[in-house]
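Chemist: The lines below spell out each chain.
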Amino acid sequence: MILLFALVAGLLVGLGWARWRKIAYRAPELQQLWLIFIGFLPQLILIYLPDNRTLPSDRLAAASLLVSQILLLAFALIDSRVTGMAILICGVVLNMVVMTTNGGFMPVSPQTAGSLVQEDVLLELHPGDRIGPKDILLHPQDTRFEWLADRFLLPGWLPYQAAFSLGDVFIAFGVFWLFASSSNPEKIQNRGAQIC
Amino acid sequence: MKNTLALFVLSTRNINRQHIQLILVIVSLAMLVLGTGAPLEGGGVGIR
Chain R
1 MILLFALVAG LLVGLGWARW RKIAYRAPEL QQLWLIFIGF LPQLILIYLP DNRTLPSDRL
61 AAASLLVSQI LLLAFALIDS RVTGMAILIC GVVLNMVVMT TNGGFMPVSP QTAGSLVQED
121 VLLELHPGDR IGPKDILLHP QDTRFEWLAD RFLLPGWLPY QAAFSLGDVF IAFGVFWLFA
181 SSSNPEKIQN RGAQIC
Chain P
1 MKNTLALFVL STRNINRQHI QLILVIVSLA MLVLGTGAPL EGGGVGIR
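Taken in order, these protein sequences are the chains called R and P. Using the working numbering, the first residue of the first sequence is number 1, and each one after it goes up by one. Using the working numbering, the first residue of the second sequence is number 1, and each one after it goes up by one.
The set of hints was computed from the structure by calculation and includes no laboratory data. Don't be surprised by glycine CBs; every beta carbon is placed ideally from N, CA and C. One thing to keep in mind: the hints can contain errors.
What the hints assert, rightly or not - DEER-style ranges, computed between Cβ atoms:
no.	chain 1	residue 1	chain 2	residue 2	range
1	R	51	P	5	34 to 44 Å
2	R	114	P	3	53 to 63 Å
3	P	17	R	22	14 to 24 Å
4	R	114	P	23	58 to 68 Å
5	R	24	P	5	25 to 35 Å
6	P	5	R	20	32 to 42 Å
7	R	121	P	20	17 to 27 Å
8	R	9	P	20	44 to 54 Å
9	R	49	P	5	34 to 44 Å
10	P	6	R	49	17 to 27 Å
Unchecked claim - Stretches of chain P that chain R covers, calculated by requiring three or more beta carbons in the stretch to come under 8 Å of a beta carbon on chain R:
no.	stretch
11	16-24
12	30-38
Whenever a hint applies, use it, and build me the whole structure from the sequences.
Modeler: Here it is, written out as structure tokens:
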């Protein structure tokens, strides 16, 4: 959800900027969009859709995550010339590094997780247990590339709470920039769809 | 009824190829960020 906020914010800024300058807003021109649908499919089937009774094994889920992320990275590399995509690619690579080296899932420390889940729920969990669709509970000393893990928290006064990684920050900023800069006429000459 | 139908037809005429393309890009990039990002969200944390 936190990443979708960045997308919507970028879109609103882009639309607002275009309207203020009385120019047309253009959707970013992207190639091979089908690769995103194919790349997201393994995650949709094995990560997001299953309920507690039909959860796939950790190994299968980790493998599907890796395959999915490779396909999504391939798409991003094909469209790397698009403004903002290079930043997004940095985030994807950072997340892939920390996830691949920690069993295929994003590590989160018990301390960070304690800010998001109730204490009694956390007590039932052990290091190595999955928490959330893509995360795994790990002590910082047992985490490779701990500085790339889900270690940042949103301000406590916000009603919505989430832990996120440095890679997530890059991804959020990349997608924000991608949509926000689409209204810049200098960068979109003869490219993209024009939205009046 | 006739007016409602006319209004609907008029509004659908305003949805052109570019709008559909923008929606497609938004949906695609939403899947891209959901697929590549890995934040842990509070409240809806599914425990295994």
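Chemist: Note whether the CB distance of residue 121 of chain R and residue 20 of chain P lies within 17 to 27 Å or breaks it.
Modeler: Given range 17 to 27 Å: violated, Cβ gap about 43 Å.
Chemist: Go check the stretch 16-24 of chain P versus chain R for me, would you? Three or more residues, Cβ under 8 Å, otherwise it fails.
Modeler: Contact hint for the stretch 16-24 of chain P vs chain R: holds, 6 residues under 8 Å.
Chemist: Range hint 58 to 68 Å: satisfied by the CB atoms of residue 114 of chain R and residue 23 of chain P?
Modeler: violated, 40 Å
Chemist: Does the hinted range 44 to 54 Å hold for residue 9 of chain R and residue 20 of chain P at CB?
Modeler: Taking Cβ atoms as reference, residue 9 of chain R and residue 20 of chain P lie about 23 Å apart, which means the hint is violated.
Chemist: Between residue 6 of chain P and residue 49 of chain R, does the beta-carbon spacing fit 17 to 27 Å?
Modeler: violated, 41 Å
Chemist: Given the hint of 53 to 63 Å, check if residue 114 of chain R and residue 3 of chain P actually sit that far apart at their C-beta atoms.
Modeler: holds, 58 Å
Chemist: Closer than 8 Å, Cβ to Cβ, for at least three residues: run that test on the stretch 30-38 of chain P against chain R and report holds or violated.
Modeler: As far as the stretch 30-38 of chain P goes, the hint holds, because 9 residues have Cβ atoms under 8 Å from chain R.
Chemist: So does residue 17 of chain P sit 14 to 24 Å from residue 22 of chain R, Cβ to Cβ?
Modeler: holds, 22 Å
Chemist: Given the hint of 34 to 44 Å, is the C-beta distance from residue 51 of chain R to residue 5 of chain P inside that range or not?
Modeler: Check passed, 42 Å falls within 34 to 44 Å.
Chemist: Does the hinted range 34 to 44 Å hold for residue 49 of chain R and residue 5 of chain P at CB?
Modeler: holds, 38 Å
Chemist: Holds or violated: 25 to 35 Å for the Cβ distance of residue 24 of chain R and residue 5 of chain P?
Modeler: Check passed, 30 Å falls within 25 to 35 Å.
Chemist: Does the beta carbon distance between residue 5 of chain P and residue 20 of chain R stay inside 32 to 42 Å, or does it fall outside?
Modeler: Roughly 36 Å apart at Cβ, these two residues keep to the hinted range, so it holds.
In terms of the numbered hints stated before, the structure departs from hints 4, 7, 8 and 10, listed from lowest to highest.
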